[in-house]
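Going line by line, the protein sequences match chains A and B. Numbered as in the working numbering, the first sequence ends at 727 without a single skipped number. Numbered as in the working numbering, the second sequence ends at 1329 without a single skipped number.
Because the hints were derived from the structure by calculation, they are not lab data. Mixed in with the good hints there might be a few duds.
Stretch-level coverage of chain B by chain A, calculated; a stretch enters the list once three of its residues show a Cβ under 8 angstroms from a Cβ in chain A [what the hints assert, rightly or not]: (1) 1020 to 1026; (2) 1124 to 1135; (3) 1138 to 1147.
In the DSSO-like style, the derived pairs of lysine-lysine whose C-alpha atoms are separated by at most 30 angstroms in a straight line are [to be verified]: (4) A:Lys-102 to B:Lys-1284; (5) A:Lys-6 to A:Lys-283; (6) A:Lys-57 to B:Lys-1047; (7) A:Lys-713 to A:Lys-123; (8) B:Lys-1068 to A:Lys-102; (9) A:Lys-6 to A:Lys-16; (10) A:Lys-724 to A:Lys-713; (11) A:Lys-114 to B:Lys-1047; (12) A:Lys-621 to A:Lys-378; (13) B:Lys-1086 to A:Lys-57; (14) A:Lys-204 to A:Lys-78; (15) B:Lys-1047 to A:Lys-16; (16) A:Lys-724 to A:Lys-6; (17) A:Lys-283 to A:Lys-713; (18) B:Lys-1039 to A:Lys-114.
Glycine residues also receive a C-beta, built at the ideal position from the N, C-alpha and C atoms.
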Amino acid sequence: MNTIGKPISRVDGKLKVTGSARYSAEFDMPGLCYAVLVQSTIPAGRIAGMDDSLARKAAGVLAVLTPENAQRLPGAEKRLSLLQDNQVYYNGQPVAVVVAEKLEEAHHAASLIKIRYSVSAPKLDFVAGFPSSHPGNHNGEPGDMSWGDVDGALKDSDIKIDQVYTTPIHHHNPMEPHAAIAQWNGDELTVHESAQDISGHRAKLAKLFGVQESNVRLICLFVGGGFGCKGPLWSHVPLAAMAARQVNRPVKIVLERPQMFGPVGARPRTHQRLTVGATREGKLTAIRHEVHAHTSVIEDYLESSAFPTRVMYGCPNVSTIHRIVDLNLGTPTYTRAPGVATGTYALEVAMDELAYKLNMDPLQLRLLNYTENDPQTKLPFTGKHLRDCYTRAAERFGWSNRTREPRSMRDGSQLIGWGVATETYPANRRPASALVRFKPDGRVLVATGTHEIGNGIYTIMIQTAADALNVSPDLIDAQLGDTALPPAPITAGSMTVASVTPAIQTAAERVRTRLLQMAVADSGSPVHDASVDEVDFKDGLIFRKLSPNRSEKLGDFIARNGGQPIEGIAHVEPDETLKQKFASHSFGAVFAEVSVDPDLGPTRVRRVTAVYDVGKVLNEKTARSQFIGGIVWGIGLALHEDSHMDARTGRIVNENLADYHVPVNADIGEIDVSAIDIADTHLNPLGARGIGEIGITGTAAAVANAIYHATGKRIRDLPITPQKLIA
Amino acid sequence: MNPFEYQQVDEPATAVDAISRWRGSKFLAGGTNLIDLMKNTVEQPPKLIDINHIPLRGIEQTPDGGVKLGALARNSDTANHPLIRKNYPLLSQAILSGASPQLRNMATNGGNLLQRTRCPYFMDPAFSRCNKRTPGSGCSALEGFHENHAILGASDQCIATHPSDMCVALAALEAKVRVRGPKGERIIAIGDFHRLPGTTPQIDTTLMPDELIVSIDLPPSPYGSHSHYLKIRERTSYAFALVSVAAAIDVDSGWIRGARLALGGVAHKPWRVEAAEAALAGQKLSISLFEQAASRALSGARPRRDNTYKVEMAKRAIIRALTIAGGLA
């Protein structure tokens, strides 16, 4: 089979568009009841008293969990709000849970709870927190890293850019809100949860409730979008399990849309100062990228905005610094290309500013500072074809027709602008396991505990197995999203494909070898007594290579041999020495055309062209969708997304999808995406690097740069709204 | 959401009778705003009277050459009706620039008039201070997040804006709202229908609690295609106006016989600017005239810390809308 790379339609597409795909809240079971969260209405302080007497008496109410009566969980981390004490650390913190027969009853009862607070002065002023900010790390990588002599080089630079770029709080807002159904059977806990990390959540739940991991099962067949917020375990899941234990029935909890703005993560605010030095010819001499980002007062999370600056350009003196500001807000977390989306915005706008100061084409400036090796470690990349991306994308976009001066291109009354930016995202891979099973009915099952989050992984799993086994994809079924299956890593960081496909390939090889060994040993088989090398398996038939007519169907073979499935399981670890030999990143080039109404302010992104170097593309169709999705989010980052916080209370005041703006169809013009498609086999056998997030990186900068080109106005505070453009 | 009674009615008299009997009860039409407000407990009616079965969905020409819009005609049916598209394109544009297709399919004309503000401090009961929600409690928006609040006609009690697009066009078109109460029908001019906040921001309109809107009557329009609804917003669809303008000009070979101008997103009600209209009447179409009219329209603006942009934006929007309506674009 040769299905890898083909534009195969999603195998779960029909299920999704017909509403037959079952999402985590859509399971029913006998005795199911409903829980709703009661949230704090103050940003800091403690609960002085809670009167739940009316709620307890309300119709249908089964239980009210409060800090007074909630089950004590000795291992509970402070980051989770599990009613273990009276402290309030942020507005919107879960402070009680009401369980009722019906959802409406639970809601009504929740509204009857009266809470008295003792309010403390909250920390909500981001900038005022800079002096007391502290360093941090992101996934174990240190926030601060420097090489060369930045101060010295800046002093000697011919040309210097020194600007501050800011990005607001973003909330993830997947279409499917967080949801969980928890059910206890003795000491065994089953949870249907919309999650990006069922294995991780299982481990945490087991620890919290003091049971063996094997006693906890998480199931998640589809994720209706996550964008990072379903990576960590948030409070509502253990709260559902606590409620289920208390009422001794399965309990469902689905967060309301406003509840998605607070207790379940956000992209933190960033304040990024970029100081860039260059020679008169445009060679970079120094970059200092100093980031302030907020976290909560209960847990550190670092938005690693300066990380892309460590890899993007050849520069002998670089300093990347991150400082975290504690605020009385919910803990932020990974959000669509964490760090890289916000960081490439700042870096790539600074590069555009530098190009203008040098009177140089911004694409030329990037080519001039191209690096073949990781600029810090000098290690080669596992594969880097960014130069081809620039060239191909520039040609497709028609970049050579650009006139450099701001406000020099028009279409009627509209100002037209063209902008460019570089995109990048690290290529990661983690250990993963998979099983491949030949079934007695002649079909093949491929399974691993990964997550279908819109990435098309059901389809990719089938393609991988089809090619590895020489079996038509029509004969293969995929199963995922269940901790009863061999474990896979968190679906995040664009690493699912790079992690999971090697495990599937190995499991497929094992089951194939096993089948052939059994066949040659079977006296009833047409390949009996041949050596394993002399036989083959293809299209569901076992046969001798030299006389393919002497064959047998897989199903017949299994039936004759006891009717039991034949299975191969593999656990595959990435080569940890790779990091000592190579740097591994995806790259891309993105060009944007905007039109701006100079009098009224609105910007329209008319078209975007991007070309990516992401290793081997496994499925042209699903890849295209992922690229486009990323670009749309990039446009949202540039123009729309902005969580407005009430500065006194830390409440988000646009906590709904009417007022929290993500791009709508009418905002999106033409999008032209393609990939260089050269396999990166250093990273994994298929040579795929993962493509989920790279589309959002760079895009906001390309749009912001295009707006500058159109208007001559450099807005350094996202999003770029009409009111900022007419100010 | 609180527990509530529910009753279906199928004629206006029964509706008025039902609402008179239940203090605090509400009519339910499209429900696109009311249900949201009930979910977050801003509205807690003890009873909903479902008026969707009352035959008030018609859109008909009236003997005087105007059009009567049934109160229960859906926004999308109204915007797409041939009579409206032909004679009142301003109204079509305004309706279609609001909300989303799904919401417009549910939302009714009467309900659109009764939309409540989207001020976040009104919408979120966790903010204890809101004079509109809890009279006398104060206003959280004054010193809070008020980027999208009123710059005209506000009071120190409330700086909320009226969210409707349709009503801005109705104000320019001088629609009349026909309502039925226990004592029969009366007509309220659209300009008198919505109120300014003053010291009683909890009262949005002059409609009495026991009155039912039965129709919106449009007088014949001399403006036709010499009109334009311009809406400036943060995304291309499904966003409330930062500023919107309904402009209509009665043009006679380059001269303005009369003009109507109303603004949205700037006040507690659709903001008709008669002073600017007067400045336009009898003059020759010109951009500089429109600039004068725009200045006049905003002369009383009182922006706050975060919404000063609206003054300039509104002026520019007026000039643009008049330029398009006047055929100078």
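Inset, instruction - Check each numbered hint from earlier against the structure, then list the numbers of those it violates in ascending order. - result: The structure breaks hints 1, 4, 5, 7, 8, 12, 13, 15, 16; every other hint is satisfied.
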